[in-house]
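Residue numbers (my numbering), protein chains in the order written: chain A, 1 to 116; chain B, 1001 to 1111.
Hints are not guaranteed to be accurate.
Below are the EDC-like pairs computed for lysine to aspartate or glutamate, each with C-alpha atoms no more than 20 angstroms apart in a straight line [claimed, not checked]: (1) B:1098 / A:63; (2) A:64 / A:52; (3) B:1052 / B:1031; (4) A:104 / A:27; (5) A:104 / B:1031; (6) B:1052 / A:103; (7) B:1003 / A:59; (8) A:104 / B:1055; (9) A:14 / A:27; (10) B:1098 / A:59; (11) B:1069 / B:1031; (12) A:41 / B:1011; (13) A:41 / B:1082; (14) A:104 / B:1014; (15) B:1098 / A:87; (16) B:1110 / B:1031; (17) B:1003 / A:103; (18) A:41 / B:1055; (19) A:20 / A:88; (20) B:1110 / B:1011; (21) B:1098 / A:103; (22) B:1003 / B:1103; (23) A:20 / A:52.
Restraint-style ranges between C-beta atoms, simulated for each label pair [said to hold, decoys possible]: (24) A:52 / B:1093: 31 to 41 angstroms; (25) B:1093 / A:42: 25 to 35 angstroms; (26) B:1065 / A:65: 22 to 32 angstroms; (27) B:1042 / A:68: 39 to 49 angstroms; (28) B:1051 / A:68: 35 to 45 angstroms; (29) B:1040 / A:87: 17 to 27 angstroms; (30) A:63 / B:1094: 40 to 50 angstroms; (31) A:39 / B:1028: 24 to 34 angstroms; (32) A:57 / B:1011: 34 to 44 angstroms; (33) B:1021 / A:116: 22 to 32 angstroms; (34) A:9 / B:1080: 34 to 44 angstroms.
Think of the hints as simulated: they come from the structure by calculation, not from any bench.
Please read these numbers as outputs of a predicted model, since none were measured by experiment.
Each residue gets a CB set at the ideal place from its N, CA and C atoms; glycine is no exception.
These are the residues of each chain, in order.
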Amino acid sequence: GAVVSQHPSWVICKSGTSVKIECRSLDFQATTMFWYRQFPKQSLMLMATSNEGSKATYEQGVEKDKFLINHASLTLSTLTVTSAHPEDSSFYICSASFPAHGEKLFFGSGTQLSVL
Amino acid sequence: DAKTTQPTSMDCAEGRAANLPCNHSTISGNEYVYWYRQIHSQGPQYIIHGLKNNETNEMASLIITEDRKSSTLILPHATLRDTAVYYCIVRVNTNAGKSTFGDGTTLTVKP
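Please model the complete structure; the sequences and the hints are all you need to start from.
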């Protein structure tokens, strides 16, 4: 099946710094990728839809200036958490769907962000 | 997308079948039932999906009632590695990313 690779697996940063998370589709081109956030013992919450070559679509309540999404190619989407604060500490997950695999979602392995 | 209701947690003995129920009484005619699971500290994994017929693949079976108001995911021979949170999602078969993940069922497989 299609593989979505996400890096890094975990990152620790100081408050006020920015962190970039990469999401790559390894087998297929992905015109659309999705970014989620998951707090401990909670379910996944969709943050934004990343569209190749255009601006991302953010869900209500998600600050687009804080969570910068870039989808410059058909195989790479990045999420940058700018000026991170401890409350941004969370598990961030990306996913993609591919026409060859119908409407199934393929997920990355997730990134655990800890902001000190 | 239709809402789903799942039990918070379930236990299953290793080697036995795990039957995970999901209620989706407000499902629409064009909405599919999808199942994903999430092992601790990993991204979710697709398991199976169906519209109205029962489905089976190498991972599991999906049984959908005739009125489509509920379904059951069956793991025929549960192993310790099947311990995970299982999510039942109901949605139309477009815009996959808009899938709404509820709280899911935490399945614990015990030796």
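TODO: List, from low to high, the hint numbers that the structure doesn't satisfy.
DONE: 9, 14, 15, 16, 18, 24, 26, 27, 30, 33 and 34
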